Each structure stands twice: as C-alpha cells, then as structure tokens.
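First to last, the sequence lines map onto chains A and B.
Take 4 as the starting number for the first sequence in my numbering and just add one per residue.
Take 4 as the starting number for the second sequence in my numbering and just add one per residue.
Calculated directly from the structure, the hints in this document are not laboratory data.
Any given hint might turn out to be false.
As the list makes no split between identical chains, a pair holds if one copy fits it or if it spans any two.
As the list claims (entries may be wrong) - Derived pair list, reagent style BS3-like, types lysine-lysine, alpha-carbon separation capped at 27 Å:
#1 Lys156 with Lys197
#2 Lys197 with Lys59
#3 Lys94 with Lys62
#4 Lys30 with Lys301
#5 Lys206 with Lys186
#6 Lys222 with Lys94
#7 Lys197 with Lys227
#8 Lys186 with Lys94
If you're wondering where the values come from, they're calculated on a predicted model, not measured in any experiment.
Number of protein chains: 2
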Amino acid sequence: MAKIIDGKAIAQSLRDSVKVQIEDMRKVSPTFTPKLSIIQVGDREDSSVYVNMKRKAAKEVGMDFELFHLPTSITQFELVDKVHQLNNDPKVHGILVQLPLPDHLDDREVTEAIDPKKDVDGFHAINIGHLSKRASEPAFIPCTPKGIIELIKSTGVSMSGKKAVVVGRSDIVGTPVASLLTKNNCTVTICHSKTVNLPQIVKTAEILVVAIGSPEFVKGEWVKDGAVVIDVGTNAVEDKTKKSGFRLVGDVEYAEAAKVASHITPVPGGVGPMTVGMLVENTFLSALRFYKESFNRKIV
Amino acid sequence: MAKIIDGKAIAQSLRDSVKVQIEDMRKVSPTFTPKLSIIQVGDREDSSVYVNMKRKAAKEVGMDFELFHLPTSITQFELVDKVHQLNNDPKVHGILVQLPLPDHLDDREVTEAIDPKKDVDGFHAINIGHLSKRASEPAFIPCTPKGIIELIKSTGVSMSGKKAVVVGRSDIVGTPVASLLTKNNCTVTICHSKTVNLPQIVKTAEILVVAIGSPEFVKGEWVKDGAVVIDVGTNAVEDKTKKSGFRLVGDVEYAEAAKVASHITPVPGGVGPMTVGMLVENTFLSALRFYKESFNRKIV
Ligand SMILES: NC(=O)C1=CN([C@@H]2O[C@H](COP(=O)(O)OP(=O)(O)OC[C@H]3O[C@@H](n4cnc5c(N)ncnc54)[C@H](OP(=O)(O)O)[C@@H]3O)[C@@H](O)[C@H]2O)C=CC1
Ligand SMILES: NC(=O)C1=CN([C@@H]2O[C@H](COP(=O)(O)OP(=O)(O)OC[C@H]3O[C@@H](n4cnc5c(N)ncnc54)[C@H](OP(=O)(O)O)[C@@H]3O)[C@@H](O)[C@H]2O)C=CC1
Numbered sequence: 004m005a006k007i008i009d010g011k012a013i014a015q016s017l018r019d020s021v022k023v024q025i026e027d028m029r030k031v032s033p034t035f036t037p038k039l040s041i042i043q044v045g046d047r048e049d050s051s052v053y054v055n056m057k058r059k060a061a062k063e064v065g066m067d068f069e070l071f072h073l074p075t076s077i078t079q080f081e082l083v084d085k086v087h088q089l090n091n092d093p094k095v096h097g098i099l100v101q102l103p104l105p106d107h108l109d110d111r112e113v114t115e116a117i118d119p120k121k122d123v124d125g126f127h128a129i130n131i132g133h134l135s136k137r138a139s140e141p142a143f144i145p146c147t148p149k150g151i152i153e154l155i156k157s158t159g160v161s162m163s164g165k166k167a168v169v170v171g172r173s174d175i176v177g178t179p180v181a182s183l184l185t186k187n188n189c190t191v192t193i194c195h196s197k198t199v200n201l202p203q204i205v206k207t208a209e210i211l212v213v214a215i216g217s218p219e220f221v222k223g224e225w226v227k228d229g230a231v232v233i234d235v236g237t238n239a240v241e242d243k244t245k246k247s248g249f250r251l252v253g254d255v256e257y258a259e260a261a262k263v264a265s266h267i268t269p270v271p272g273g274v275g276p277m278t279v280g281m282l283v284e285n286t287f288l289s290a291l292r293f294y295k296e297s298f299n300r301k302i303v
Numbered sequence: 004m005a006k007i008i009d010g011k012a013i014a015q016s017l018r019d020s021v022k023v024q025i026e027d028m029r030k031v032s033p034t035f036t037p038k039l040s041i042i043q044v045g046d047r048e049d050s051s052v053y054v055n056m057k058r059k060a061a062k063e064v065g066m067d068f069e070l071f072h073l074p075t076s077i078t079q080f081e082l083v084d085k086v087h088q089l090n091n092d093p094k095v096h097g098i099l100v101q102l103p104l105p106d107h108l109d110d111r112e113v114t115e116a117i118d119p120k121k122d123v124d125g126f127h128a129i130n131i132g133h134l135s136k137r138a139s140e141p142a143f144i145p146c147t148p149k150g151i152i153e154l155i156k157s158t159g160v161s162m163s164g165k166k167a168v169v170v171g172r173s174d175i176v177g178t179p180v181a182s183l184l185t186k187n188n189c190t191v192t193i194c195h196s197k198t199v200n201l202p203q204i205v206k207t208a209e210i211l212v213v214a215i216g217s218p219e220f221v222k223g224e225w226v227k228d229g230a231v232v233i234d235v236g237t238n239a240v241e242d243k244t245k246k247s248g249f250r251l252v253g254d255v256e257y258a259e260a261a262k263v264a265s266h267i268t269p270v271p272g273g274v275g276p277m278t279v280g281m282l283v284e285n286t287f288l289s290a291l292r293f294y295k296e297s298f299n300r301k302i303v
C-alpha cells in the first residue's frame, strides 16, 4: 500500500514556519505586518469557502487580512480600479482576485492589472513568463504548483531524470506544474482532453500529477508500480450518508491507485491545504521583499 | 524515403507574402515602412553572419533596417540606454539584440528592457508568459518556434492528438516550441540532458523536434516510422572537402533518419531560413499594429 502524503500536516508545519518567521521579523521591525487583500465578486458558495480558508490561514500566521466583497453588478472598470487602489496601497503585500469571476467580467484583464510584485497567486503573464524561462525566477510561483512540488519533495523521491506525466494543462495548475517539474529535471509529458492513449501514457509516469476536474477518472490500473501520485482534483459527488449530502473525491480512483503507488495524496487533505499554505508563504515573502527594498532605499 | 521539408522555399514564399503586404499597405499609407533595428555587441563571426541574413531579408521585403554595431567595451548601462532610445523611437517597430552577448553583459536584463510591443524575437518574459497561457496571445511568437510550427503545418500532418517529443528545453527553442505544440493539441514530452532512456522516448514521437546543438546526436534508428522530424540543430563540423573547411549538420543523423521519417527538414535549408522569415513577418505585424493604433487614436 502507498504511503499517504499528508498535505494537511505538511501545510500546518509550513504555516507554523511562516508564523515564526513573522514573529522573528517583528523583533527587528515591530511594525512588520504582511497583509493579504482578497477581492471576491458575487456570492458563489465555493468561492466563499476558499476565501474563508485563506482568511483563516492568514490570521493564524499573524498577517493582516482584508476582504473586498463586491456585488456582481460591479463593472470591469470599477473592478480594475479597485485593483489599482490596492497596487498603490503600501500596506498591502499580496492581492488576490478570487476566480472565477461572473461572466461579464474579463478575468484576464483583471489578472494582468495586479502589480506583478503583489501577485501572490503568480498568475500575471510576466510571472508565468519568468517561471517558464530557465534563466529567471518569477516574483511568485503559483500556489498550487508550488505546493505540489513540496509534496513530491516530502516523499524523498528525487525528481531528476524521472518520467513525469501531468494530466491537465490549465494556466493555474497543469501548465505551471509542468514547468516546475521540468525545472527540477523531470522528463515531463503534458496531457489534456485531446490526448490519445491516455492510460498508456499515464502508465509510464514515475511521478503523476492529475488536475482535470473529473471524479476518479484516472483508474488505479493505469498507475505505474511505485509511482508518486499527486491528485489535484477536488470534485463534490453525491453521498447520502453525509450530512452535507456530498463528499469530495479526487481525479484519481484513490482506493485502487493506493494499491500500486509508492506515495499518494488523499482528497481532501492533500494538495488543497498546500495551496493555502503557499499563499500565506508568498504573502510573507512579498512583505519581506518590500521591507528589504524600503530598507535599502533608506541606506542609499 | 522521407519527403524533404523545404524550409528555404517556404521561407521565400513567406518573405514574398510580407513584401506584397507591405506594398499593399503603402497604397493606403505611402509612408508605411516597417523598421527593424538590431544591436550587435562585439565581433563574433557567427553573429555577423546571422545579422547579415536578417539585414538581407529585411531589405528584400522593403523594410528599413538599422544595425548598431557596438564595441565589446560597452557597459550594461550604455547598452540598456541604447535599447531605451529605440523603445522611444516611433520609427522603430522591431528591436533585436543579437545573442550571445559578451560575458560582462547581462542578456536577461537587456531582453527585459525591450518594449514588449517591439520585442520581435518574442523573448520578453511577458511575451513568453502569454505564449504559455492558454487564454492569451503574446505580442510576438518567438521566430524559431513559430517557423517550426509552420514547417509542420506545411506537411499536411495534423497536430491534434499527436505524440510530440521536443529534445532541448532552451528559452529560445525547446520550451516555447513545446508550448506551441501543446496549444496545437499535441501531447508533448520535453526532454533534456537529464532525460533517462532518450532513444526510447524519441521512438514514441509522431512529431519530433530536436534542438540540442550536438552534431547528429539523435540516431536514425531512434526515429519512429512515419514521424515528422524537425531538426533545429546547426552545427559546424570539420570537412576538408569544403573550401571553408567545414560543413553544417543538424542534431539528427539525417541520412538514416530520412529512411524512416515521413517528412524531415534538411540542415541547412530547414529551420534556419524560417527563423529569419518569421523575424521579418513579426516586424511587419508590429508596424501594422502601431499603424492601426495611431489610426484609431486619430479617429477618437
Ligand atoms: N486543490 C487545490 O488547491 C486546487 C484544486 N483544483 C482542482 O483541480 C482540478 C482541475 O482544475 P483546473 O486546472 O482549474 O481545471 P480546468 O478545467 O481549467 O482544466 C482542466 C484540464 O484538464 C483537461 N481534461 C479535462 N478532461 C480530461 C480528460 N478526460 N482527459 C484528459 N484531460 C482532461 C483539460 O483539457 P483541455 O485543455 O483539452 O480542455 C484541461 O487542460 C479541478 O478538480 C479543481 O477543482 C484546482 C486548483 C486548485
Ligand atoms: N536554425 C535556427 O534558426 C536556430 C538554430 N539553433 C540551433 O539549435 C540548437 C540548440 O540551440 P539552443 O536551444 O539555443 O541550445 P541551448 O544550448 O540553449 O540548449 C540546448 C538544450 O539541449 C539539451 N541537451 C543538450 N545535450 C543533450 C543531450 N545529449 N540529450 C538531451 N538533451 C540535450 C540541453 O539540456 P539541459 O537543459 O539539461 O542542459 C538544453 O536544454 C543549436 O545547434 C543551435 O545552433 C538555435 C536557434 C535558432
């Protein structure tokens, strides 16, 4: 049976570490307070759940947190204007616009309006560009891919030279995780809905990352013996035995895959908590960078 | 035997088409003149050869061309200042800094100093970011990868669902070509010097792109029956039968690979001419965009 990669515990120790680092910084600079500002438009229930998790994590590590909960009726212009206000607010170190936005709003324009130096989600094109380039580093690595790499590292399995397969090519998970795996010297194959012979390709993966949004789509028998399996999928499926009426499952057929994999992430409790953990880490790193810059300016 | 993909001829018809489009634009706006400015630092012989090819192509299609040939002694500050001057010159539509630069200069900073809207090489992080994102388009697609996609299209072989292998992960060829192949719905594997079992992975490729800079490294017997083979490598090897004392070979063992591939690019005369062709096309597209923008401003 595979070892379970305990994302919840790893994320907890990540948050603990950020908390300590913030406290240490306060000893040097008592006013040092990283601040995360989130913009949420409308009342999607899942978005509210995610925003609350982020708020909770930010509070836990000792950050300031502010939510701008805007009505669905807001215009593109007003939304971008709000982003600009936060760009110009020196107290704010991380800006996140909770996606998806209502249909009449252009999430791409909003994402590109965020100051890349406060883009703690790492979705701005210039950050994605630096992520993909070998010679350079982005201001921020996107949270979910960054969390995935940490989970793989936690297994002790070395990435260099390993065959990795990423199923899904979205801008927020599949594509950036493929970039990071390549940077870590995996030989990466990126699959998507047009891929032919998916089971056969999955079978070659020593490291498998699945992010498609389709409950238990990847079967246990597709998984290679001894593979490290990272299941990003978070799908609500009906379950009458639960009070809520549903339970969460991943994109991988967990029970069967766990029989062949060497390590596997559970859903929930795998990638999800890491995403939130990396968000507070990115916000802390941003505050630290702004602090150092202002400090250097003072010296000059 | 494989069909030879005649990059020279395809590039010629591309230049012809750009030439006609420029002439057509001049009928509407007699002063319309795309202009390409190249900065070359030092006297590397290979760089001078490439710059001359670019000059020749620009002239052929009826563009203005200007070369700033700067001494190796130039400082980083002076070089970046030169780039800024060209950014601010409304007559210039395309800026290219011929790489590699001498060791004391930071090519990354210079690349990022170019106005992304004049970055006809497509190497600026923001253009690379938009290239990698699904939902967006860069101002410019890097010339060599763009040329490679055209060569594949010229074969009539559809890319969607095909297994593509890219050997090499550089910022200027391997990585962006992998992004473009993924956008064209190939299932892409990207290989590099840390890849284990390269011959076996190459063998799975229905579309194979090799850009490593190692003469005839990829053997004919690694190539899958019927594959489309794009050889980006341009390596000078000693050849006493030639007046110059050398000849150019690719990264693929051409004679053997041509026996199994369905289509193959020769070296020289494959990818090389396409790169130059795409550079003049990108410069033309840039001039057109600036023209349209100024036109729209006049109307408003
Ligand atoms: N735990 C966490 O923190 C996070 C979890 N998620 C979860 O991850 C999953 C994916 O999210 P996201 O990346 O945003 O999803 P998207 O819908 O943006 O992308 C899904 C990708 O999967 C591909 N795909 C869909 N169906 C198949 C299939 N049958 N075979 C192969 N490929 C397929 C799509 O291919 P194509 O491109 O061809 O359409 C696409 O590239 C979701 O369940 C989401 O909830 C996402 C973000 C964070
Ligand atoms: N025709 C044209 O217009 C152009 C031609 N070229 C030619 O293409 C070739 C590559 O250029 P460029 O991309 O700039 O080169 P780089 O040197 O920047 O990158 C080479 C890449 O190949 C990989 N590599 C090297 N050796 C091996 C090996 N034995 N097995 C697997 N992978 C290997 C490297 O891996 P790692 O990352 O692990 O080091 C690296 O990713 C050169 O011959 C160049 O002259 C380039 C640009 C334009």
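Hint-by-hint comparison with the structure:
no., hint, result
1, Lys156 with Lys197, "between (30 Å within a copy, 18 Å between copies)"
2, Lys197 with Lys59, "neither (39 Å within a copy, 41 Å between copies)"
3, Lys94 with Lys62, "within (16 Å within a copy, 53 Å between copies)"
4, Lys30 with Lys301, "within (19 Å within a copy, 58 Å between copies)"
5, Lys206 with Lys186, "both (22 Å within a copy, 23 Å between copies)"
6, Lys222 with Lys94, "neither (48 Å within a copy, 59 Å between copies)"
7, Lys197 with Lys227, "both (22 Å within a copy, 21 Å between copies)"
8, Lys186 with Lys94, "neither (33 Å within a copy, 39 Å between copies)"
Of the numbered hints listed earlier, those contradicted by the structure are 2, 6 and 8.
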